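Chemist: Here the protein sequences line up with chains A and B, keeping their order. 554 is the number that the working numbering gives to position 554 of the first sequence; each next residue is one higher, with no gaps. One gets the working numbering by counting positions in the second sequence from 1 and adding 1000 to each.
Warning: the hint list may mix true and false statements.
[Stated by the list, open to error] Derived lysine to aspartate or glutamate pairs resembling DMTMM-like cross-links, with alpha carbons at most 25 angstroms apart:
(1) A:K97 x B:D1034
(2) A:K37 x B:D1058
(3) B:K1098 x A:D81
Simulated from the structure, these hints should not be mistaken for laboratory data. Fair warning: this is a prediction, and the values are worked out from it, not measured in the lab.
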Amino acid sequence: MYRYDEFDREFVTSRVAQFRDQVERRVSGELTEDNFKPLRLQNGVYLQLHAYMLRVAVPYGTLNSSQMRMLGHIARKYDRDYGHFTTRQNIQFNWPKLADIPDILEDLASVEMHAIQTSGNCIRNVTADHLAGAAADEVADPRPYAEILRQWSTIHPEFLFLPRKFKIAVIGSPNDRAAMQFHDIGLEVRKNDAGELGLRVFVGGGLGRTPMIGKMIRDWLPEEDMLSYCEAILRVYNLYGRRDNKYKARIKILVHETGLDDLKKDIEAEFERIKDGVLKLPDEDVAAIAAYFAPSEFADLPAKDDGLEQAKLDNRSFARWVDRNVVEHAQSGYAIVTVALKGTGEAPGDATSAQMDVLADLGEKYSFDELRVSHEQNVILPHVQLSDLKAVYDALLEAGMASANAGLITDIIACPGLDYCALATARSIPVAQELSQRFADLDCQNDIGDLKLKISGCINACGHHHVGHIGILGVDRRGEELYQVTLGGSGDEQAAVGEIIGRGFSKDEIGDAVETIVDTYLARRLSDDEAFLETYRRLGPQPFKDALYPAKETA
Amino acid sequence: MSTLKNPIAFTANNLLDGEVVWLGRNGGWVKSIDEARVFGTEEERAMGAAEAAQADADNLVVEPYEIDLNLDEGRIAPAKFRERIRAAGPTMRLDLGKQAELSQPEALVAA
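Isolated chain B, as found in the complex (with noise of 0.2 angstroms):
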């Protein structure tokens, strides 16, 4: 069993509302990241990316791709600047996005 040099997660857009989400722990699609399933091995990877070309072809959601992770003290957060406002929301918009719905939003895209 390969493991990965990042864990990785698998992410895209619902497709009828544009939501950001992510593939989640317990199956299915999750709209915060803390939700997102950890992928660490080639196995892994190769059963999400079939998971997730599965649900583009159910048309659930839009164009999936893996992002690379961070794993800090167990929290989840995306490597690229880019993921963390996709997981967050605009950095100077903290009432809009997913963001809006967290208590100290700051966290999420601190650069």
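Only chain A is shown next, with the shape it has when bound in the complex (with noise of 0.2 angstroms):
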């Protein structure tokens, strides 16, 4: 993985000092919050209801197991012993205190982390696929275009006071495990017909209170171009992006509002007129950083491992963990294990210090020192031989993370609500645990099968519910939190927003609304291999409408 050089050890640690400088002028005084604001937040503290809370970036999701253990060390040192593993492969911790943050960002930066433009109208955290370098369908590691991105970006002058805040992600696959069409620029590497590699570039997604499907405006970008063509992108939408209303400043507005014909006239001419000059990424440059995302040592090894068969055999549990939470690596004779962070009756995405210690320890044992956070809030082992799979599993059943429910209706996703957020509406996570306990059971779930479920406590949809098959949203009617049930929604290459299906639940009925759907769908699917989001496709909302909400008899 990427490795700090010199400039970016000197910048990271010089931004420390120049926020310990920014936090002592606050308390003094001579800042007035006004004036320190915008400081703290390029910084990635905010101030929540309880208390500060501070955003640690996680490049593409991609981290060591040095660095796994200091976000372990800052939970237990500095704040009520764990962290928050977000949508946008990030941690939050919710409680440190003010006058600590300029130690935690030192320590990050021990370790080669930081918390810079986690928050901000600036380009954030470059996200990738998860199983990227892993997956057996890959095209290409999309990141060292994700790494080639965030150098460009971080501290870009022109782009750190945008309209609105701007999301990149990237994946190198035909199969979209990043959401990356709900991103304001997604890319997607691919190769030509001639085994070279560019980009196909969609531009104008996001979720929130507009979602919107990106729109391809290249179908095929060379590789070499593509810092030229988002700065294009970018140049444009700062000019042309509105500043008079925050819900209409995201560039899916623009898009939406200039037409995709007429904006890619301007994006095309600016890039045209920049294409050859100082961001066209020469050939060495781009090898350099790849070089540091070249491919482990793996060892020559059999695709099957007599030793997990047996094993598989002799213990059901681990059995059912292998198939729902390994997949396929690239590499004959490994695997891709999701640790889930999902166990019954949890709050998603929480991890304790000793849990992330655990982690740390499993992927310098076991995953080439790697360790990745995935957009569904789980933590990816992704090198494990499969012989050692049953030895990561008895490691994580100790610690409690051997939950066999990746991909399942308890996998779910939840951003932190109004239990945590000050912009949340109404509460995701206890929602997200009371469906956890009502779908415990591990027959049930792997009988319902294939199914995403997306919490979000509020209309700016961190909890992604818009492409959750199944959609929560948390909203505040009268001063009581009414949830709103989105169906049919996908973040995956068959992108799709979710429908509104009725009048909303409140928190006692949202429970037994989403039995019925899924009772539902259990009762109307054509065989047990048609998946939730299939049955949903072929029937439309019409049956789930008429199940949650029966005519009322006349008399």
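The task is to assemble the complex, starting from two chains supplied on their own in separate frames and drawing on the hints.
Modeler: Next comes the structure, spelled out in structure tokens:
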């Protein structure tokens, strides 16, 4: 993975010193809150309901064991012994004291991490497929592209005060596991017929109060032009994006209101003007960055491991965990493990410091010192030998992280919601916990099969409810929490925004409503192999509406 | 002296540690809503607002604002659910926030 060079180290260190000085000046009264707020936000520091919150960037979701161990250390030393992995592949600490944050940033810098540009109207942490560099279906590792974008976008002087925040996602396989089409810019690394690498470019995707699927603006962009093209997009957005209304300030609104064709003319004209300039990527620079992400030194192993097969026969729980949480690796004899931070009744994405230590140890011992954070709020061990899976499982079981529910109905995404977030209008985590308990039976979950359930506690959609097969949005209706249900959303390559199914449900009703939806699916699916989303796409919303809102009998 | 429709209190977060605080009965900012000062008239409200703004200007607290209260048998409770959560802590982590120090934390956030 990428390692800081002298420039990176100097920059991050000086930024910590700068922020320490800013905090001191705030505490002394030299800076008012109005002065200080934009500075703290640029360093990932929010003020939430109960306390400050620090959002730490995990670039494209990749981290090593030292970094994971440091996150555990921060949780233990400065916070309340846990952290929350987010849908942006980041981690949030919910209780830091302002006075401690410079020390936290210094500790992070010691392992090449920071919180820069995790907030504010700038280009945020670039996200990527969490199976990058390991997935069997991969055309190319998207992380070198994400790293190049990170270097370009970090304190890019022209793009630090955009009309609104700006999110970029990169994938390197035809199967989208990063909700790429729901980003301001989505990039798909692909190969042309000549075997050259390039990018398919999407623009104007997003969730929030106006969900939009990104529109393809370029089917093919040579990789050497990636930065020039992104700069052209950002420059046109920076020029024309609305600044008078924050709810209409994202590029998705500009694309929608201007029309892709018109906007594309401006973007292409700007691209044409700058494409042979300083942003053109030299092959040697691309190769140098790509070298950081070179495949690990995998052993030459058979595709099947007899010990693993025997262990599965001996231990049904282990076999079920392998079935759900382990997927094929590009390299024979290896597998990708999803550690679901979704134990029954637990807050999605939360991990204790002790669990982070266990994850760090497992990454170090069994996964070439590498871990990933997924946008589905799980942690991935990307390169595990088949013969080590049982040892990994045993360690996870002991640490309370062996839930065999990856991709099932209890593998829920949920934002922090009104329990923590100053923007939230309703609670998310307690709804997730109730549903997790309601569907806890693993036989029942496996019978339901693949189902993505996503919960947001406000219209900003951090819980990605629009792209849940079942999406739940919590709102405030006259002081009461009300939960709206959307069905049929999808964040994969067949991107779709869920449809609102009807009137919302109270907190007491939402569990039954989800169960009714699931029961309707089970009763109407053509076979056990027809997944929820396929059934919904075949039948449309009506059977679900009929089940949720039965017509009242008239006397 | 005009009486307010609802009694109110002033709340903010401490600058240094971010902890939720309210303007207290005995002056200053307090960490428990039980000790919050209740303002019942327009005149008192103006006085409280000035006191809160001064604390903001003095860099003691961040972004103070007023909240509506319900007074139930003399016990102070914020009218809005959001503020009840601020006064107690996360509803699914009773070991966190102010409720962690109470013997029967559920009472504060019962919806």
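Chemist: Under the constraints set out in the numbered hints, which ones does this structure not fulfil?
Modeler: none
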